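So the protein sequences, as listed, match chains A and B. The first sequence begins at 1 in my numbering and counts up one residue at a time. The second sequence begins at 1 in my numbering and counts up one residue at a time.
Worth flagging that the hints you see were computed from the coordinates, not collected in a lab. Quick caveat: nothing in here was measured; it's all calculated off a predicted structure.
For identical chains, the list gives no copy identity; a pair is met inside one copy or between any two copies.
With a Cα cut of at most 20 Å, we get these calculated EDC-like pairs of lysine to aspartate or glutamate:
(1) Lys87 - Glu77
(2) Lys130 - Asp117
(3) Lys26 - Glu81
(4) Lys120 - Glu139
Protein chains: 2
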Amino acid sequence: MSQTLLHGYFRSSAAFRVRIALNLKKLSYDQAFRHLRKGEQRAPDFLKLAPQGLVPALEIDGNTLTQSLAIIEYLEETRPEPALLPKDAAGRARARALAYALAMEIHPINNLRVLQDLEKRFGADAIAVKGWFQHWVKETFGAIETSLASSKGTGVFCHGDTPGIADICLVPQVVNNTRFDIDMAPYPTIGRIYKACLELPAFADAMPTKQPDAE
Amino acid sequence: MSQTLLHGYFRSSAAFRVRIALNLKKLSYDQAFRHLRKGEQRAPDFLKLAPQGLVPALEIDGNTLTQSLAIIEYLEETRPEPALLPKDAAGRARARALAYALAMEIHPINNLRVLQDLEKRFGADAIAVKGWFQHWVKETFGAIETSLASSKGTGVFCHGDTPGIADICLVPQVVNNTRFDIDMAPYPTIGRIYKACLELPAFADAMPTKQPDAE
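Chain A extracted, bound-state conformation (with noise of 0.2 Å):
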């Protein structure tokens, strides 16, 4: 069988998820490291393998494949057990759609190159840049609060009682919270999510400070 390599960066919230997955999914892995705010995603032969510049990108049964659920979803397909989705449709759609939450209406707007324009493009400070991140975090975090609390789908994770997708999703960007002063008090169901996560090995050795790269 072919080397199963992850090419990331230990801050990366996408390569967090993909870590996440793999280590739930029991499949060993190599780590290649593109440092991101030394641009490493923009070197030609990382652009060969994936030419939108971004990681993670995952090496695995002689393929390359890139966007962190784009993997997730190839996992669960190819490696069905332990499973990341629940089995029946209404589940599934549940599950995702609070992942995809996470994934598309916080993180692509708060991640390090859009924070980066913003400084470049409008002078913001590191004020302006945390007001902007803390504005879409609670956006987002607030409607997951609701939604999680009063759903019966919900259980000691995000949809019943063992970790998926929206968990996988959700840790990553706690984390990332955390270096933006994110108050997470109204969030009381959030955080006991996220606390029974990283009770499991399969988060906690995921975490962006167990990496090799960690800074």
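Fit chain B to the given chain A structure using the hints.
Chain B in isolation, oriented as in the chain A frame:
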């Protein structure tokens, strides 16, 4: 069978995606309109259905689903034909990665609420907003063009010769681009696929200008 009802807005790219998917699957549906510029997505009755206050939301099979791509995956799982995703896992990963590049790397940064926030927070004028919009389109369209033009997975459409999830995300973005004067000349493959899509009624009938709430 219960009524299928799409809560949308003619100009919402995400609602546009769901309209295309419903049309490709030949599902009949009614529409309810939430005027985003008037803030109708924040009305209490809608927030009860969709706590995030975002369109689209789809009432179907007795459930209310949110997040356009979660809705599309649900339609695919419950109404498999005609398929909107390839049959093989690697092909599915490729199609999803293209879809997510559009849905995660461009659209969330460029949607109405973010552009309005740039005006409010940084005093961005129309020219600055256009510069922002164009920047994020170009960042990703360049990579998608490279990827589509160089892959043998590309056919008449983004993946093979039948329309699918990547095309469903591509067309609304190209339509959106026209409002911000994006020069499409550097993207001939994208342009060719866009044209092929619009020859199909499923895409043409879903166009914003064809919706009852179009202005």
